Structures are given as C-alpha cells and as structure tokens.
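Participant: Okay, here's what each chain looks like letter by letter:
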Amino acid sequence: MKTIEELHKRIAETSYICGSCGSCRSVCPVYREIGWESSAPRRKIALAKEVFLKKKEKEATKQYAQRLQECTLCGKCAEICAAGINTRELWLNLREDLRARGMEHPNLTQMASQIKATHNISTFPNEARLDWAEDLDEVEVEVSKAGSEVAYFVGCVSSFYPMSVGISESIVSLLDRAEVNYTVLGSEEWCCGFPLIASGNAQQVVELAKHNVEKVRALGVKTLITGCASCYHTWTHGYPTILGEDLGFEVLHATQYMARLIRTKQLVPGSLGETVTYHDPCDLGRNSGIYDEPREILLAIEGLSFVEMPHRRDLADCCGGGGNLAAVDKDLSQAIALKRAREAVATGATILTSACQQCVQTLQMAARQEKLPLEVLDVTELLWRSLEE
Amino acid sequence: MEQALQKICGEKRATTDPFELAPYAKDVAYVPAILVHLLTNPLPKAVVQPISAEEISSLIKWAKQVKIPVTVRGGGSTAYFNCIPMKSGLLIDTNRLQGFSELELDQGSNRKTVWVKAGMTWKDLDDGLRQQGCAVCSSPSSAPSATIGGWISMGGLGIGSVPYGSVHDQVMAIRSVTATGEIVELSRPDKGPARNKASEQSGIQFNDLMGTEGTRGIITEIKLLVRDVPEKEEHLLAVFNNETDTGAMMSWLGGEHFTSLYNVHFSSPEFIMTLQRAGYAEEIPPGKYSLEIDLEGKRDEVDKAVVQIKKQVEFLSGTLLPEGVGAKEWADRFKSLRLEQTLPSLLAAEMTLPVSQFATFYKRLRQLGQKTNTLCVTYAHLVSPETALVMVLYPSDELNLIRYIVDLSFTSNLYKLGHSLGGKPYVIGFWNTPYLKKIYDKGERDRRLQRKHAVDPHALLNPGKGYNPPNIILNSYVFGFGMIMIGLFRPMVLKILKGGKGL
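One line per chain: the protein sequences are W and C, in this order. Read in order, the letters of the first sequence are residues 1 to 389 in our numbering. Read in order, the letters of the second sequence are residues 1 to 503 in our numbering.
Errors might be hidden in some of the hints.
Among the chain C residues that face chain W by a calculated CB cut under 8 angstroms, a handful are [stated by the list, open to error]: (1) Glu11; (2) Thr15; (3) Val28; (4) Gln49; (5) Gly75; (6) Asp124; (7) Gln131; (8) Gln132; (9) Cys134; (10) Cys137; (11) Thr180; (12) Lys335; (13) Ser336; (14) Pro344; (15) Tyr440.
Sample of chain W residues with no beta-carbon within 10 angstroms of chain C, all distances over it, derived [what the hints assert, rightly or not]: (16) Thr61; (17) Gln63; (18) Ser271.
To be clear, the hints were calculated from the coordinates, so they are not data collected in a lab. Everything numeric in this text was worked out from a predicted model, so none of it was measured. In this text, a Cβ means the ideal position worked out from N, Cα and C, and glycines have one as well.
Starting from the given sequences, assemble the full structure and let the hints guide the process.
Facilitator: See the structure below:
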C-alpha cells in the first residue's frame, strides 16, 4: 500500500505530463453529456495539477470532487491521450485522495459500509447468493463441490438483481450442457471488490481478495470463470497486484471459456434468425484486451446476422454503468446508456449483446425507458437461447 | 445576465458559475498568471453553448446591446490565446454544434461534399465519413480535439495539405453569424457570388472567415470537400544521417509531385531521443533524422511512388526501416505530446518555412541550441511542395516562474531565425501579435484591418487578436526590446538553476 505522500507525488507527476491538448474531450462519455469544460478529463487533470503540483489546496472544492466522481472509468481517454497518460490509474488515485480528504460521495461511503456488512453490494444477506438457482428446473447448482475443474464466480449483480439473474442461469445451463465439472462458492463468494477499487478504496478490497482467493484455492479448481467483466478485471489485474502473488489457477471470462468449449466441440451452438450487435464492456475490452471471444461465440450461432456498431473494440463507447457513476449521478449514467443503445438500434440490430452484467443491466434500462425496439442480452444468454430454440 | 442568456440557450447551456468559467480562460499553453493578468482579462463573464445559428444570432444581438465582447471557442487546442477572451465578456463554446449532412455530389467538379457543423472534431468527422467510404481531405495534427470551425479559423495547414492545400481551399460554402447578428451563407468566390443573400448589410465576404480567428464572424456550418477512402495506403519510414540529406529528401518529395504523396513528417534526432526516453519509437536508430512518408491513392500510383522513393532514399544514403514501423508511426500521428513524459513543461515556436531552407534552418537551430544550452526538439510536416510547417519545442519549468519567463524569450530567437530564412509564425492569436510585421507586409496588414473595421466596426468579435497589437507591451519594438533584455538574463538564470528540469 502506498502512503498518502506517495499517492500525492504520483498524482503530481502524472498531472504535470498533461499538455491540455483536449484529445480526451470528444471521446469522454461524461463530457459529451455535460458539455462544460469542467467535465473534460483535461480540466480534471489541470485541477489536479493545481492541487498536487502547485499545492493550491483551495482548488479542491466540492465541485472538483463531484467532477472527479462523474467518470465511468471507461479508459477511453487513456486510449486517445496524446501524452500517453494512464488516465484510468490517475482517476483511481484521485478518488483515493478524495476519500482521504473525506470528500467521497455519500452514496459511495454507504456502498462501502454495505459491502463490509453483507459482503455484497445489495441489501440482501450473502446467504441469499444462490436464490437465483432455485428457479432452475433441470440444472442442479452444487456449492463448493470437491474435485470440480471449474469454479464459477457469479458476481453480485447477477446473483441478486432479478434483471440480471438470466445471465447466471444461462452460464450454469451452458456448463451443464457441456458436461463441465463445475461448482460455485454460494455464500462463500464475497463481492470481488471492484466497486471499492473504483471508489479509490483499494484498502478495503484486501480482505475480500484474501477471502475469495483462499476459497477458490481450497476447491483445487484449475479454472475460475466470471460472467462479469469487472469481476474478471479485478481477478486478473487487481488481485495479483493487491496480494502480490500469482493466484495459482487460471482466470477466464465466461465468453473465453464458452468459446473454448465451442472450439473443442464440447458445446455446439444452436441457431437463431436474429440481427445482433455487440457492445464491448470497457473492463473486458479496452481494460483487459478481450475482444474476439464474444464475437466468436456470436458468429458460431447459425443463422445469426452479426453487425458491428461504429464505436467498437478499443474505441467502443461506455454503457454509462461503470466507475460507480450510477451511484453518483443516475441520470447522467442513463443518458450515456441511451446514447449507446441508440447506436445499437442504428445498426439495424434487434438484439444488443454484451458480456458484462452491469452493461446489460444499464443498457436494458435505457432501452426500456426509451421504448427502443431493442432487446439487451448477455452473450451467454443468447448462446443458451440458441440451444433452447 | 445568466437569466438573459438562459432565455436564449436554455437553462443548461448558459452559465456564470465561476467554477465552470475558469477553464475557458485557458488554452493549451501555460502562461504565468502574472503575465496573463498584466495583459488581459481572460475570465469570461458567461459561457454559452448554442446549438444553432439562430441562437448565436440572438446572443450576438444581446452582446451588442449590452456592449460586451464575444469570443468564440472550439477545441481550445491552440497555444496562442486565439480563443481566450482579452476583455472578459461572453464566450461562445461551439462544441454543441454537432453533425454532418448526407454526402452531396457537385455536378460541375464531380467532387463530393458535406455540410458539417462547426463544433465537430476533425477526427469525429473523419470517423463518420469513413463509415460511408469517404474521408476528410486533410486534418490538423490535433484532429481528435480541434473542431472544424476552429481549424478553418486558423492557418488550416496539417496532415494531407501537400495534395489538398490549406483547408481553406476545401471550403465550398460557409454559414456564419456576423457581428451584427445576421445569419449568412457565403459561397466560394470562384463557385458563385462571394457575397449573397442576407450578407449585403454587413458586407461580409467568404474570405473574411478564412483564417481570421473568429474576429469577423462566427462560423456555424461548412460545406467541405471530402475524398473517397483511398484504394491503398503505404507508410514508409526513412532515416538519414544528417539534416542536409533529410532536407534534400523533403525537397525532392515536394518537387516530384507524386499524386499519391499524402503527408511527410520529419522528426529530429532530439525528438526521437525524447520519445525513446519515455519508452516509445524504439525501432528508430538513435541519432538519425527520420521522415515518415505517407502515400495514399490508387494502388498502381502508390506502388510506383514507393519504388522511386526507395531509390531516392538509397541515393541520399538513407535507410528505409522495416515494414510496419512507418505504419506504427502513422497510427500514433496524434500522439506527439508523449514527449511530455520526458519533458513535461515545454515552450514552442511554430512557423512555416521554405523547404529549400529546411537543412540550413536546422543547422542554425542546432548551433543556437548549443550556444544557449537549450535542447531543441523539432518536428515538421510538409504542407505544400515548397513549404514545411515546423514546430520547435524546448524545455522549461512552469514551477519556476523566473526560469519560465526568461525561457519565453527564446521563442523570439526561434522566430528570428526562421524569419531570416523566409519563415513566418504560423498563427497570430494574441501572443504572436508582436510578429505581425513578420507575417504580413504593410499592404496586407492595412487590408486586413480595413476588412475588420468594415464587418465589425464596434470590435465586438474576439477583440485583441490578429490585427494591431492590443497593448503597448506587445508593440513589435517594445516587445522585441523586452525579449532581448530578458534574453540577456537567460544564460545567468539557467546557470544558477543548472540541473533544473529540462536542461
């Protein structure tokens, strides 16, 4: 863990690099909605420069704190940055400093308390983590089954939120169909800690990381799969850094694992006569480099017509659901989601897929709210649907 | 004031909140507050984000009525205070003027055009056009941030200028709002009447809006020539041993008039070294002068040009780096600021220069750098067969006020060097008004001023830019003398601060 002095030094050094060119403006989903320069990444960095490099503490106002937390952490600004700044890391460092200053958004403070109390992001007790599995007629989901090859880390959203349980149901159904020897952690699965990392609260993640890794190691599985892009990013990028060691097992996103099953013919997709597009989740695509496998799955479904959106892969726009934005400004998050959903509709697709429970949920809400002719599904849900039909 | 403006633009697109206003008092360049406040009053009283020409018209009429100046801002990606208020007032942010029309085919010339709103960035327009098989003809090296209206209001030279000229040559018609609040549409003089429709009253003409930095009218929409996406692209990266061979290659490339020559980008050994220190450009051998040569066009034309270029590179004892290196450089063409990872506080001079003088310029620049203990980091674009747009950057330290101020004087040395070889500062804005005499002869200066008075008699639009120096300190003689005096202290200050950043 870095000291506050180290944190400040790091922010000061990074902010000094920014040349204020503004390449980050037009790709920033938040700036595109708010429109004022104060919401552009270059301005946030300029303010950080004032506070940390030039020691002008008076610049650290409430409005400054609000703007820093109005960010989806999509990383698109880092992708285009003319100075090559790792802006995503900078935003996390700045949020960590906000917490230290007691300027964290109250909803995020409440969320941190919630996770501490229940080990998940909902208000439900963690014992209810497997309630979604009760609706499955043909699949029996076994908890902490010894000798399993694969552990499925379900994630908070598709464990507790009714809109998203279709994802976990589809993933276990697919694993079952492919006769994979898998298990889940049930109430021993704790929140991966991604929402805390996104709040600049990496310290609180240590306990969660230790617990989750210990439980998975105890199962002796070869592979851990996650259905959530943010869980995946946390397991692959966050945990090894936080714990300072290799995990000792392979971590794959569900789409990577399903694509592997399709390649080895353990899973043969069905057919669907639909026009489908795909939204790259920021944490799976730009921030983890996984673009091909979700598309590989979609292209393997017979009869499916796949169309790309103009903003895709490393240039994909954010769904608006990342970086805890919905907790800070729900309307802003929804406005960003709506823009993305409209881009999907413009392709002529009737189904928008993604590979992240948060993206699916956010885009689904936007599509419903605007009554867009668009169904939003996870890639695994669509794959399962092709088999069911 | 806020209420009046919100009445025109709506509640969410007008603000007088100091937190929101502050960023509009800044552009890319860092200038010490003491200098800024000595010479200007940059903080606007209000910022508005109109979405139509009609709203801009109402805003101008309102500003005229209450007698406050109006400054227009696009991407805010220049370094000369072009879009920063000199006398506070109203700032019009054009970034909500977004979108472009369907492609049109000009029957006469058989060329494609689009009407594009002024607030789109060049990259966004190009991305959008490419989905339809077209592309912009040329773009600024700040394409991800520079707006369409912004670049047209500036010099308009950049990537793709060799075959397509200045962006001003690609504008077929333009819609704008005049200083009296009229909405006008003007066609290119050679394509129709330069003055038409409602423009009679103000007398504004098409050329009043080209490169005049928002001082004669506010551009809202542009009819722009576009091109088909080329059949083939080839990006070569050649390195040379000295400036003479590099300059000869640039002149040869300009003189050969290859139809497929799209862009030539020069990087000095110092530029490459600075990038390499930050972990980039590792494929380029240290100490070499590099030319990225970008070819785009019909397959056979590109292939033919590649063969000839390879021969010429060899003839000049240069080396072509392996395939892929040039493509990588091209992909990173908007990322030249990565050198700030090594040199985080840079000052600069940007000028146009005859290509024939490039080698001499570089040689003298190196001598000047050695003499003054200044690391000069240079890159350049060929912008016509005969002209290069040269950017010279040198390190300073904005955390040290005295160092930064004495370093500012070096920019004046750079312009002096460029001028002695036929070069001119590229953009005027505010900070380059002392150099107006180096840019335009007296006749042209008078004509420009005459046009300004004719179309904006009350100096409502972007006052203080582009014409006579707005302040005695910026008078060319006073400023020149001041820079010489400050420059005299520079060696001493650098000596005292030896070991400071950038040295």
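Participant: A separate judgement is required for each hint: does it hold in the structure or not?
Facilitator: Each hint tested on the structure:
1. Glu11: Result: violated, 13 angstroms to nearest chain W Cβ.
2. Thr15: Check passed: Cβ of C:Thr15 comes within 7 angstroms of chain W, closer than 8 angstroms.
3. Val28: 5 angstroms, holds
4. Gln49: Holds: closest Cβ of chain W sits about 6 angstroms from C:Gln49, inside 8 angstroms.
5. Gly75: 5 angstroms, holds
6. Asp124: This hint holds: C:Asp124 lies near chain W, its Cβ roughly 6 angstroms from the closest one there, short of 8 angstroms.
7. Gln131: Check passed: Cβ of C:Gln131 comes within 6 angstroms of chain W, closer than 8 angstroms.
8. Gln132: At 11 angstroms from the nearest chain W Cβ, C:Gln132 fails the 8 angstroms test, so the hint is violated.
9. Cys134: 14 angstroms, violated
10. Cys137: Status violated, d = 20 angstroms.
11. Thr180: This interface hint is violated because 27 angstroms lies over the 8 angstroms limit.
12. Lys335: The hint holds - C:Lys335 has a Cβ within 8 angstroms of chain W, the shortest such distance being about 5 angstroms.
13. Ser336: 7 angstroms, holds
14. Pro344: 4 angstroms, holds
15. Tyr440: Hint violated; C:Tyr440 Cβ to chain W Cβ min 28 angstroms, cut 8 angstroms.
16. Thr61: For W:Thr61, whose nearest Cβ neighbour in chain C is about 7 angstroms away, the distance does not exceed 10 angstroms, so it is violated.
17. Gln63: Violated: least Cβ distance 5 angstroms, not greater than 10 angstroms.
18. Ser271: Non-interface label stands for W:Ser271: nearest chain C Cβ at 29 angstroms, farther than 10 angstroms.
The structure shown violates the earlier hints numbered 1, 8, 9, 10, 11, 15, 16 and 17.
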